[in-house]
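Q: So the chains spell out like this:
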Amino acid sequence: MSQAAVLEHTVGVEPAESPLTPESWGKLGMWLFLAGDAMSFGGLIAVYAALRMGDPKWPIPYEYLGVPFTAVMTFLLICSSVTMVKALESIKHGDRQRMRMFLVLTILGGATFLGMQAREWTHLIDHGMHLTGHAATGHGLFGATFYILTGFHGMHVTGGVIYLSCILGSAAYYTAESHNSVEIVGLYWHFVDLVWILIFTFIYLI
Amino acid sequence: MEKQLDISHDEPNYMAVFYALFFLTVVEVAIAYMPIVKWLMVGSLVILALVKAALVAMYFMHLRFEKRTLAIVAIAPPILLAMFVVIIYPDTAWRFFVGN
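Here the protein sequences line up with chains A and B, keeping their order.
Residue 1 is where the first sequence starts when you use our numbering, and the numbers rise one by one after that.
Residue 1 is where the second sequence starts when you use our numbering, and the numbers rise one by one after that.
It cannot be assumed that every hint is accurate.
[Claimed, not checked] Here are some of the chain B residues that sit facing chain A, going by a computed Cβ distance under 10 Å: (1) 25; (2) 67; (3) 77.
Simulated from the structure, these hints should not be mistaken for laboratory data.
These numbers come from a predicted model, not from an experiment.
Beta carbons are placed, not taken as given, at the ideal position from N, Cα and C, and that holds for glycine.
Kindly produce the complete structure, drawing on both the sequences and the hints.
A: Here is the structure:
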């Protein structure tokens, strides 16, 4: 039963609609959370820009970071966003099985991304790039900014994978008429993808 | 009764958006390796990244079909952050000239 219907039965009064997203308060909540999260990431990226702009001796990223490997990671995350959209589309048409399948694919995409991230970090640490310093160039901040930015994002992906798994676990509750939770997890996942698109550009390519 | 989810519209072509994103990513990686002048590379990469981010936001996150005010909520952080970067510019410029 929808939220509105339950409340109507209980109270007999039309419940308040969320001002910007009439179908679901949770959706507005997620958008507001994402706006704040965007500020967190944005703060980190802005400081990265400030540190790099003022430093002519900053190491050239693609000389030390694996750009092709990371490009595959970017592609993977974009694909997982597509499967997420497909999952939502499936439940909108009432097809719970397809939704489950696409959610599984999305989770696999995210988990593989994390695995590749772990592989990349291990490789870099083995070659002397640490939080405290970069062995090859002696630069004090190159490693710190890299690990903090990608690590903060990686934590978001991890949280997203767990969140997606919970939604998958409760798949039986969703129908063509009532599936706001699926849309909301989709918003979070697309945000994580969006942030990665920006991080990939600023840290690896520029 | 469940509310009408949003103004009735055709489902966007998600695969088309995906192909666009894939193509833009390839272009970005190609540009990063091109021997072009720094400001042109940074400028074009930033613009491409913003276009990709806008595609994800407008179509995957459905912003194109939501109420206009929600888009304002979404666009406010990038604007505030652009202001932030501009405001701290004297600090970065100082570091550069002092040669830190």
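Q: Hints numbered earlier in the text: which of these fail when held up against the supplied structure?
A: The structure breaks none of the hints.
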